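The primary structure of each chain is shown beneath.
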Amino acid sequence: MSEDIAAHFVQFLNNYTTDRRGDIGSFIRIEAIQAVQIIMDKIKDKSIPAYFQDLLGCLCRLAAEKLDKVRFQAWTCLEKYWENATDLPPLQRYEDLVTF
Amino acid sequence: MPAETQNRSVSGILVQPLSWEERYVMLLWLSHLLLAPFDLASLSSDDIPIPHDNLGMLTAIPPDTPRIAQAILSISLRYVVTPSKEREAATILLARLALRSDMQRLGLLNILTDWAFSTLHPSLSRPPPPVYTCIGVLSFLARLVASGQVEDLAPLVVPTFDQIIRIAQSDSAAYENIRSSASARKTMIKVLRTLATLALTLADKIDGQVSQSRVSVILEESIDYFLVALADKDTPVRFAASKGLAIVALKLDTDMAAEVVEAVIGSLDENVLYEKADGSLVTVFEAQKQNIKALKRNLTTVDAQRWHGLILTLAHLLFRRAPPPGQLPEILQSLVSGLDFEQRSPTGSSIGTGVRDASCFGIWAISRKYTTEELQSVDTSTITLPTEQEDNSALQMLAVELVCAACVDPSGNIRRGASAALQELIGRHPNTILEGIPLVQIVDYHAVARRSRAMIEVAKGAALLDSSYWSPLVNSLLLWRGVGSPDADSRRTAATALGVLSLQKSYTTINIVLDRLRSRLSNIPHNDVEARHGCVLAIAATVDAFLAHRETSDQTHPEASTVIKKVLHLWEIFDSSYGPTKNDLTQQSARPELTAEATSRLIASISRMAATIAIDATVPEKLIEKALDVLLLCVFRGEDTVIDASSEAASQLFRIIPLGKQVEMIQGWFANIHASWKSATGRGQISALGAVFHRLPADSSGRQFIIEELFRCTTDSEFIEKQVAAVKCLSTGILPNIG
Numbered sequence: 000m001s002e003d004i005a006a007h008f009v010q011f012l013n014n015y016t017t018d019r020r021g022d023i024g025s026f027i028r029i030e031a032i033q034a035v036q037i038i039m040d041k042i043k044d045k046s047i048p049a050y051f052q053d054l055l056g057c058l059c060r061l062a063a064e065k066l067d068k069v070r071f072q073a074w075t076c077l078e079k080y081w082e083n084a085t086d087l088p089p090l091q092r093y094e095d096l097v098t099f
Numbered sequence: 000m001p002a003e004t005q006n007r008s009v010s011g012i013l014v015q016p017l018s019w020e021e022r023y024v025m026l027l028w029l030s031h032l033l034l035a036p037f038d039l040a041s042l043s044s045d046d047i048p049i050p051h052d053n054l055g056m057l058t059a060i061p062p063d064t065p066r067i068a069q070a071i072l073s074i075s076l077r078y079v080v081t082p083s084k085e086r087e088a089a090t091i092l093l094a095r096l097a098l099r100s101d102m103q104r105l106g107l108l109n110i111l112t113d114w115a116f117s118t119l120h121p122s123l124s125r126p127p128p129p130v131y132t133c134i135g136v137l138s139f140l141a142r143l144v145a146s147g148q149v150e151d152l153a154p155l156v157v158p159t160f161d162q163i164i165r166i167a168q169s170d171s172a173a174y175e176n177i178r179s180s181a182s183a184r185k186t187m188i189k190v191l192r193t194l195a196t197l198a199l200t201l202a203d204k205i206d207g208q209v210s211q212s213r214v215s216v217i218l219e220e221s222i223d224y225f226l227v228a229l230a231d232k233d234t235p236v237r238f239a240a241s242k243g244l245a246i247v248a249l250k251l252d253t254d255m256a257a258e259v260v261e262a263v264i265g266s267l268d269e270n271v272l273y274e275k276a277d278g279s280l281v282t283v284f285e286a287q288k289q290n291i292k293a294l295k296r297n298l299t300t301v302d303a304q305r306w307h308g309l310i311l312t313l314a315h316l317l318f319r320r321a322p323p324p325g326q327l328p329e330i331l332q333s334l335v336s337g338l339d340f341e342q343r344s345p346t347g348s349s350i351g352t353g354v355r356d357a358s359c360f361g362i363w364a365i366s367r368k369y370t371t372e373e374l375q376s377v378d379t380s381t382i383t384l385p386t387e388q389e390d391n392s393a394l395q396m397l398a399v400e401l402v403c404a405a406c407v408d409p410s411g412n413i414r415r416g417a418s419a420a421l422q423e424l425i426g427r428h429p430n431t432i433l434e435g436i437p438l439v440q441i442v443d444y445h446a447v448a449r450r451s452r453a454m455i456e457v458a459k460g461a462a463l464l465d466s467s468y469w470s471p472l473v474n475s476l477l478l479w480r481g482v483g484s485p486d487a488d489s490r491r492t493a494a495t496a497l498g499v500l501s502l503q504k505s506y507t508t509i510n511i512v513l514d515r516l517r518s519r520l521s522n523i524p525h526n527d528v529e530a531r532h533g534c535v536l537a538i539a540a541t542v543d544a545f546l547a548h549r550e551t552s553d554q555t556h557p558e559a560s561t562v563i564k565k566v567l568h569l570w571e572i573f574d575s576s577y578g579p580t581k582n583d584l585t586q587q588s589a590r591p592e593l594t595a596e597a598t599s600r601l602i603a604s605i606s607r608m609a610a611t612i613a614i615d616a617t618v619p620e621k622l623i624e625k626a627l628d629v630l631l632l633c634v635f636r637g638e639d640t641v642i643d644a645s646s647e648a649a650s651q652l653f654r655i656i657p658l659g660k661q662v663e664m665i666q667g668w669f670a671n672i673h674a675s676w677k678s679a680t681g682r683g684q685i686s687a688l689g690a691v692f693h694r695l696p697a698d699s700s701g702r703q704f705i706i707e708e709l710f711r712c713t714t715d716s717e718f719i720e721k722q723v724a725a726v727k728c729l730s731t732g733i734l735p736n737i738g
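From first to last, the protein sequence lines stand for chains W and E. First residue of the first sequence: 0, per numbering that gives the first Met the number 0; consecutive thereafter. First residue of the second sequence: 0, per numbering that gives the first Met the number 0; consecutive thereafter.
For reference, chain E alone in the conformation it holds in the complex:
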C-alpha cells in the first residue's frame, strides 16, 4: 500500500498516494478479509511485498509465517502508532490477526503482547516513546482483550493487568507522560474493565487459571482506579470510568455490588453542607442534630466533576438494575439534588450542566428499569427537595422535579432531557402521576426548546393542570434558575413568568406570590445586585398582573383588599434596609443600571395602582418623597432599558404628586438638560419630559415650556442621540396630545 510517494503499482498504473480516508477504509477492509475461515498459508504467495521494514521490532517471527501474514503485520505495525484515525482500523486489523487460530498456533499472540509490553515499559537505553505510540499500543491491547475468547486470553489476564496497573500508579517520568493523555487514561480504563470481567468469568471456572486471591486483587485495584477516575478533569475519562464501574459491579455477587453502590453514594455525601433559613451553613453532623429535612442542601463546595462521574455511575448502575430497591431512597436524594446542581468556573462558564444531564439520565434509567410497585414503596420522607414540594410518592416527586427542570433550566439540552425523562416516567408507570398524559403533551420536547416559551407558557400550562405543580414551579422561579439567574434577560423572563403564574387562582395566588417575593427580597444579601434586580422586577410584574386581572374580575372579592394592602406596604421598601441606596444607583461597581431598571419598573407599577384604585388609605407622603428621590437618580442614567423604565415611572408617579411637586421636578430636569448641554448625558431627562407631558393640564404654561425645551434640544450642535430622543418625545409624547 503506497503511503507517501507516487509510484507504479504491480500492474504498471501510476498510483496517487492515498489520503488518510482511503488508508482507513483499506485497513478496515483488510480486517474484514481476515475473518476468512481458511488458513492464511493457503491464501499466501511468495511474491507478496512487505512494504515497511519494521518487523525487526518484534522478537523473532517463526520462519514458517506466511508472507501475507508478515505483510499484514508490517502494515498494521506501521499504522497502529500514527496520531490519526487509521490507528483505529489498524488496531482492529492487528487484533484480528493475532487472535486467528492459525496465527496463535505460530505463537504470534505472545510475540505481539511481548512487543506491546516492551514498548510501554520504559528502558534506560531508549528515549521514551511518543505519546501516540503508547496510545496506539494501549488501543491494540484494549481491542485484543475485548475481541478474544476467554480461553485464548486466560494466560494474558494477569500480565496485562500488572502492566496497566504499573502505568497507572508508578512514578516514572515515562509513565507520567502516558498518563497525561486523556485518550490513554480512557483506554486503560477500558482495558481494566474487560480484564476485570474476564477475571470474574475465569474465577468461576473449575480449572482456575487465575487464583481466587489474584482475582480479588484485580477487582479491588480496578474498582479503586475507576472510583478515582470518576473525578477526572476530562469528560471522556469520566464517561469510561462510570460505565466501567457499572459493568464490573453488575458481574459481582449481590453484596459486593451493594458495597460498590454504597461507596458511590457515600462519596456523593462528601462536602455537602446544609443551609438554615437565615442563610448560614452547617455541616451534616450539626444538621442531623436539628431537623435535617427542614434545611436546604447546599452544594457549593462539592467537586462538580466528581459528582458528574458519580451520578453517571449511578445512572449506569440503575440502567443495569444493579442497586437493590432498599438503596433507592439515598439514590433518589442524589439524583434530585443533581437535577438542581450548578457551579460556575472562575472564568464564569457553567460547569454544572454535565451533572444535571447525568441526573436526567439517571431518572430516565430508574423509570425504565424498576417496576411501579418497587418505586411507589420507596420512603421519600428523608428526601430534601430543592423545590420544597409536599410529601409525595416517589414517582410524583420525580415528575414534579422534572417538570420544574424542563420549564426553568437555563440549558436547552437539560430542558429537553428532562422532558424526555418525564415522558419515560409517565409512559412506563401509567396512572401514577397526576394528569400524566396532559402533562406530557404540554411539557413537550419541542415546546421547551425556547427558554422564554418554556418559562412562561409551558409553566403556566403545567400549573393549570393540577395545584401540586404550581407551588414548586413558583419556588424554582424564585431561585437561581429564575430571578437569580446570572444573565439579565433570563431574569426579565422569569419576572414575567412569575406575574403570569400569580394569576392562576386569582387573588389567592397573587397574595402567596407577593409574600414569597417579599420574603425573598429581604433575604438576598445587599451586594447581590443581580438577584435583587430579578426579584424587584418580579414584584413589579406581579403588581401589573394584578392590575390587569382586576379589570376583568370580581373586585369585591375579600382577598382583593388584602392584595391592595400588600401592594401599599411595598412602598415601605424605599424606607427599609433592603431598598435602593444612593450608592446602588450611582457607583459604577454596583451595576447601577440594574437597580435603576428594576426600581423604576416597581415605582411605575405601584404608582399606577395608587392612582387607579380608590382606597381609604393613601400612601404616606414620606414614602412618596423617598421614591421620588430614587426616581430622580434613575433618570440620570444613560442605558436604553433604564431610560424606558424611568420615563414610564415618571409618568405614573406624576399622577399621585401635587402640582407644585410636578413643577419642581420639571424645572429640575430643565436644569439638568442645560447643565449637560453638548455632553452625552441628559437623554433620560429628555425622555422623562416627553413622558409626563400629557399629565399636565391642557392649556398650562408647563406644556409650552416643555415643547420649547424639546425643540431647543434638537439644534444641530447637540449630540445626535439627544436630538433623536427629543424628536422621538415630540412625536410620541407631544403630538398625540395637542390639538
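Excised from the complex, chain W in its bound form:
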C-alpha cells in the first residue's frame, strides 16, 4: 500500500462524473468507500500513515452528501473508525446508536 495507490483512491472518492443517466460517479464513490473500510481494517492498532488523513477527509465530506446510498455507506464506515479514534470527540448517544 503506497502513497501512489492511496492518491488513486482519493481520486475515486472525488469522482463526480455525470452523464444523461445522472450521477454515475456515485458507483465509483461507493466502491471506493468499501476500499477505505478495508484499509481501515488493515491499519488497525498500527501507526496511522500520512495518506490516511486525506482519505478520512473525503469520507467526512461524503458522510454529508446529498445522495442517500453514498451518505449511508460513508457514515457507516466513518462510525466504525470513530468508535476507536483517539483524536476525535467521543460519539454522543452512542448507546442509542448501538441499540438502534
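Quick caveat, the hints were computed from the structure, so don't treat them as lab data. Small disclaimer: the values here were computed from a predicted structure and weren't measured. Incorrect hints may have been included.
[What the hints assert, rightly or not] Cβ-Cβ distance ranges computed for the label pairs, FRET-style:
id: 1; chain 1: W; residue 1: T17; chain 2: E; residue 2: P16; range: 53 to 61 Å
id: 2; chain 1: E; residue 1: A674; chain 2: W; residue 2: Y15; range: 24 to 32 Å
id: 3; chain 1: W; residue 1: S46; chain 2: E; residue 2: T551; range: 35 to 43 Å
id: 4; chain 1: E; residue 1: K232; chain 2: W; residue 2: T16; range: 52 to 60 Å
id: 5; chain 1: E; residue 1: A674; chain 2: W; residue 2: T16; range: 19 to 27 Å
id: 6; chain 1: E; residue 1: F704; chain 2: W; residue 2: Y15; range: 23 to 31 Å
id: 7; chain 1: E; residue 1: S552; chain 2: W; residue 2: T17; range: 54 to 62 Å
[As the list claims (entries may be wrong)] Calculated from the model, a selection of chain W residues having no Cβ within reach of chain E, i.e. all distances over 10 Å:
id: 8; residue: F26
id: 9; residue: K43
id: 10; residue: Q52
id: 11; residue: A62
id: 12; residue: K65
Even glycine gets a Cβ: it sits at the ideal position worked out from N, Cα and C.
Keeping the supplied structure of chain W fixed, place chain E upon it in accordance with the hints.
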C-alpha cells in the same frame, strides 16, 4: 322501484335512483318475503303500481291474479335479463313466485315456463335475443328445477330436458350464439344435472309420470353431454360438468355407476405414451408387450383441459364414495400421474396447475372417505410412479408422492394443497405412514409457502426422517420440477437443494447423487440448454458440499476415495460429447450465459478439489487445457452472474496450472482489455484479474502489472461499468493482499 330517474315516491320524498347493489338487496328481500305462508291475494291491494309495462310478453295472465303478484312479475321479468348481478336475485324471486302453491293454482308455473321456452326458441319473425337474456332465462330454469318439489316439477322434466338438449346439440345460429357463452354452458349443465336426478327419483315412483325409456334417454344424453363438457376450454364449465357427473353417478345403481367410472378412467388413458430409458416414445400397445412397469408414462400429448375435467370428476366421485374398492388401483395411477403433470401453452404459461390441483383434491378425498383396510389392500404393483419409489403400500406411496409435490412443485398453491392432503392422509390413517406425525410437522402448510425454503429445508428435514423419502426427493429434483425447471432461479435453488440432500448419509449418498447426476447429464439432449444448466450447477453444488463435509468428517472412510475418483472423472466432461462446445458459449441463440455460468461453477468446484486434496492421481493435462479454453470463452461474457462465476473459476484454476500458463492467461486478458478499450466488453477480464491477483507470488512483477492495468481501466474516458469493476477489484482483490 324507481330504476333510472329521480322521482317522487308515494310519500312525496324525492328518491335518488338506486344503485345496482341496492336493487340486488331489494330483490333478495322481496324473495324472502315471498316465503310468507299466506296467500298473496290477502296481502295485495288494488293501488299497487306495476312499474314496467312488460307483462305482455307472457301469455294471458289470469285476471284474478293479485296485483302484488303482477307487480313482482313485472319487476323480476325486468331484471332477470340484465347482464349484472341483480339477475341472480331476480331469478330467485321469479322461481319462488312461480313455485308458490297459490300461484301454481293460477297456472303461473306453466305460463312462465312457456315464456322461458319461447324466449330461448329462435323464431324467424324476431331477431335472436341477446346472450344475456338467454343466460337469464336459463338461470331462472336452473333455479326453478333446483328449488321445486318433485311433484310440482314432474310434468316439466321432459319438456325442459328436450329444450335444453336442443340448445346443446342443434346447429342453428341462435343456439350457437347461446352456446358461445361459458355461463350459459355452465347453467345448462346445472339444469341437466338436476333434471337427471329428478328423473331418477321419478322413475322409482309407482305412478311413473316419466316412463322408464324416457329416463334412460335423459340419463344417457346428460351423461354424454357431461363427458364432453369435461374437456371444455372454460374452467367453470369443467367444474360444473365434473360435479354434475359425480352427483348423477351417485344416484345410479352400482353397476351403472361403475360404468361411468370406467368411462372416466378409460378416457384418462387416451394419448398416454410410454418412454423407454433412451428417451424414445412408444404407444401403450407396444409398451404392454414389454415390461410396462419399467417404462415412464409420458403425458405430453394428452389434452390438459380434458385431464383437468376427468380428474376433477374422479375426485368428486371419490368424495362421494361412488367407485368400489376394486377400481382403486387404476384411479390411484391417474391421481399420481396427475400430481406430476405439466404442459405449457404456446405462449409459455403453465396449464398443468389445474390438473395437479385436482389430483391433490382427489387424494384428499380418497384419504377422507375410504377406510384404512380398503386402502392398504390395494395392489400397487401395476402403478408406475414418477419418482420411481420402491414398491410400497398404497398409503405410503401416496404419502411419498405428496411429500415430493409439497417440496418441489413450482406453484405455491399446489405445494400447500399437497401439504394439506398429506395432513389429511396421515390424520385419517394413523400408524400407516413412516414417521407420520413428524412428517406432518415438517412438511407444514406455512413452511412450504416459500419455494426455496420448501426445496432446501423442508426436503432435507423430510429426508432425514426416513431413508424411503430420500431417493424419491432426489429423483424429483432431477426432473422438470428441479434442475429441469423453466426458470433459472429455480434451477439454482434445486442445485443447492441437491447439494444439501447429498450429505444425508455422508459419502454413500454423495456417490449416489453424483452417479444419478452424471447419467442424467448424458441423457439430456444437447440443445436443452436449461436442463443442462441446472444439471451442471447441481454437480458443482454436490462437489462443494463434499468439500465442506470432508473438513468435518472422517477422511479415511473407504467411500471417500470413491467420491474423489468420481470427481476426477468429472474433468472428462470437457472432452465428451455432452461437454460445452464453442458454439454453446458464443452463439446468441444457444443462451450462452447459462452454459457459461454453469460451466464456470463446475470448473471452480473441481479445481478447488484438485488443489486441496493430495492425491496420487493427478488431472490429465489435456483435460485441464480443455477446461482452460472453455473458461477463457466464459470470461468474455458480460452478464453479472457469469462474471462472478468465471472470476471464481479463474482463481481456483490458477492453483493447478504452472506459472508459465498463468502468465500466458494474464497477458491474454491484458490484450483483451486493450482491444476492448472504450467499448462495453472487457468487464469479465477485469474481474478475473482481480480474482487471480492473490494467487501470484508476493513480490512478482505480475502483481505490479495487474495493479497498473487496473488503474489504467479507471480513467475517465472508459465506460463507467468497467471503471466500477476495476475499482471493485482493487478494493476486494488487491488491497487485502498487499502490505
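Item to complete: Taking the shortest Cβ-to-Cβ distance between A62/W and chain E, state whether it exceeds 10 Å.
Response: Fine: 18 Å to the nearest Cβ keeps A62/W off the interface.
Discussion item. Given a hint of 53 to 61 Å, does the C-beta separation of T17/W and P16/E actually sit inside it?
Written reply: This hint holds: roughly 59 Å between Cβ atoms.
Discussion item. Within 52 to 60 Å: is that where the Cβ-Cβ distance between K232/E and T16/W falls?
Written reply: Taking Cβ atoms as reference, K232/E and T16/W lie about 57 Å apart, which means the hint holds.
Fill in: A674/E paired with Y15/W, Cβ distance criterion 24 to 32 Å
30 Å, holds
Worksheet item: Does the claim that Q52/W lies off the interface hold, with its Cβ farther than 10 Å from every Cβ of chain E?
Response: At roughly 18 Å from the nearest Cβ of chain E, Q52/W sits farther out than 10 Å, so the non-interface label holds.
Worksheet entry | Least C-beta distance between F26/W and chain E, which was stated to exceed 10 Å | At about 5 Å from chain E, F26/W fails to clear the 10 Å cut-off, so the statement is violated.
Item to complete: Test the statement that K65/W is away from the interface with chain E: the closest C-beta pair must be farther apart than 10 Å.
Response: At roughly 19 Å from the nearest Cβ of chain E, K65/W sits farther out than 10 Å, so the non-interface label holds.
Discussion item. For the hint 35 to 43 Å, verify it against the beta carbon of S46/W and that of T551/E.
Written reply: 40 Å, holds
Item to complete: May I ask you to test the hint 23 to 31 Å on the CB atoms belonging to F704/E and Y15/W?
Response: Holds, at about 30 Å.
Item to complete: Would you assess whether K43/W, listed as outside the interface, keeps its beta-carbon beyond 10 Å of every beta-carbon in chain E?
Response: 13 Å, holds
Worksheet item: If you check the beta carbons of A674/E and T16/W, does the distance land in 19 to 27 Å?
Response: Between A674/E and T16/W, where Cβ atoms are some 24 Å apart, the hint holds.
Discussion item. Quick check: does the Cβ-Cβ distance between S552/E and T17/W fall within 54 to 62 Å?
Written reply: 55 Å, holds
Checked against the numbered hints listed earlier, the structure breaks hint 8 alone; every other hint is satisfied.
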